[in-house]
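S.K.: Chain A is already provided as a structure; the job is to place chain B on it using the hints.
Chains as they are written, first to last, in my numbering: chain A, 1 to 270; chain B, 1 to 159.
Source of the hints: derived by calculation from the structure; they are not laboratory data. Some clues are possibly wrong.
To be verified - If you want the footprint, here are the derived chain A segments under chain B, 3+ residues with CB under 8 Å:
id, stretch
1, 58 to 65
2, 147 to 153
3, 171 to 178
4, 193 to 206
Beta carbons: idealized from backbone N, C-alpha and C, even for Gly.
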Amino acid sequence: MNNRLNRLKSIMVLDLSTHYSFPLAEILVAIMMMLSFYLIYSNGAFSLYFEIPPSIPYTESQIIVIYEQWTSSHSFRTLASAIWDYSFILAFFTPMLAALSFGRDIDAGTFRTYLSYPISRRHLFFAKEALILAIVSGTTSISFLIGLLSLAPNLEVSFPLLLCLATLWTPTLFVSLATILIAITSKSLSASLFGGGALSFGSVISPLIFQSMDTLLVAIINPASAIMRYIFDEYSVYTLQSVLAGIIISLGISALLLIITLKRFEAMEI
Amino acid sequence: MRITKFFIILGIAFLLASFLPSRSANYESIVVDRNHYECFLVRGAGNLFVEASGVEDRNISLYVLSYDDTLVLIQEDSLENTTPIFMKENILHFSDVINLPERDWYGIVVTFCFVNSSFGETSLHIHIAEVTPYPAPFFLFVVSEVLGLGSFIYRKREL
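Pulled out of the complex, with its shape left as it was, chain A reads as follows (with noise of 0.2 Å):
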């Protein structure tokens, strides 16, 4: 355990001095945590106005009711925002990272290199899909949750808040294989660029377009948008099924991509 433990860790730091040399690797880190602090303070801030008697006709218990409710769900909205800010941003780094990691090894002939070291393709892989993970969801699911805390010391870690966080991972872990996959066929950075491109923005643009989408089919490509489809049905209990069946169906498709891609990643020919 230790030894396998310890040709992943030799792999990844391999990585970051070839593929995430200095300063890349820091300044990637450093890009994620401003935007996601940013992201979280300019949705987090003051996001309630109250006209007294309100000038829509409310009853005094209806008006209670949202005055509540506008106060403990903030954290989740402000989350939830943020993350769909977001989703456009990873859409951007995840398919870039991914081929340059793998496309650029491949397409370089350095994957020749790699193999001729005591390492397996299988440790190989992980290693480097485990650090584009770490880049783009670790960093930036760590400093959204330090800037919800400090919005809201007293934050309880609810579902709607973890689910959230989750569509960080989700759409990466997709979206990278799929690149690593386009990568491994095609043995081309720049075709693995292209296409794991159009695919993350595809996937994150669609929803904005064909505005009649099903919430079940919008959380599969995009999660961040169906959970703001769930903020605007008031919190519908049919909508969050929705979502969280699109989640685990994404995740599903992931791991198929994950088979998929490692059986061509071990058998590919070099």
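M.R.: Coordinates of chain B only, in the frame set by chain A:
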């Protein structure tokens, strides 16, 4: 040596994040009926910059209420049974920093002092912003820089 550079660059990112101009609320020309209150719910702690003025030099009053008192205001439609944390009454223009005791929800309430009863309605400008630097990223900046410099000194000593 890379870990030193990593912490220093990360610290700079946190420093920039702590000064990002994002948390503000701007409301222009809100029409206020006679005897109406305008209440802005804010969540924060520490210093909060508030700027409020009525059009045509009409006098205003500004109150800062706690979460529970804001609920009382909504229920009773009156400030009578509330204890404002901060208040300024009968002023033309307000532009100052208000200190909020702890991180919580607060109601910033603005109302007009109608001297002449013939005034039916008027409008209001209000701007609310949290004073930078934000404490959390600034704290992380200090931690990152301490770690970066600490690892730098440690390496130098080892050599």
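S.K.: Please list, smallest to largest, the hint numbers that this structure does not respect.
M.R.: 3, 4
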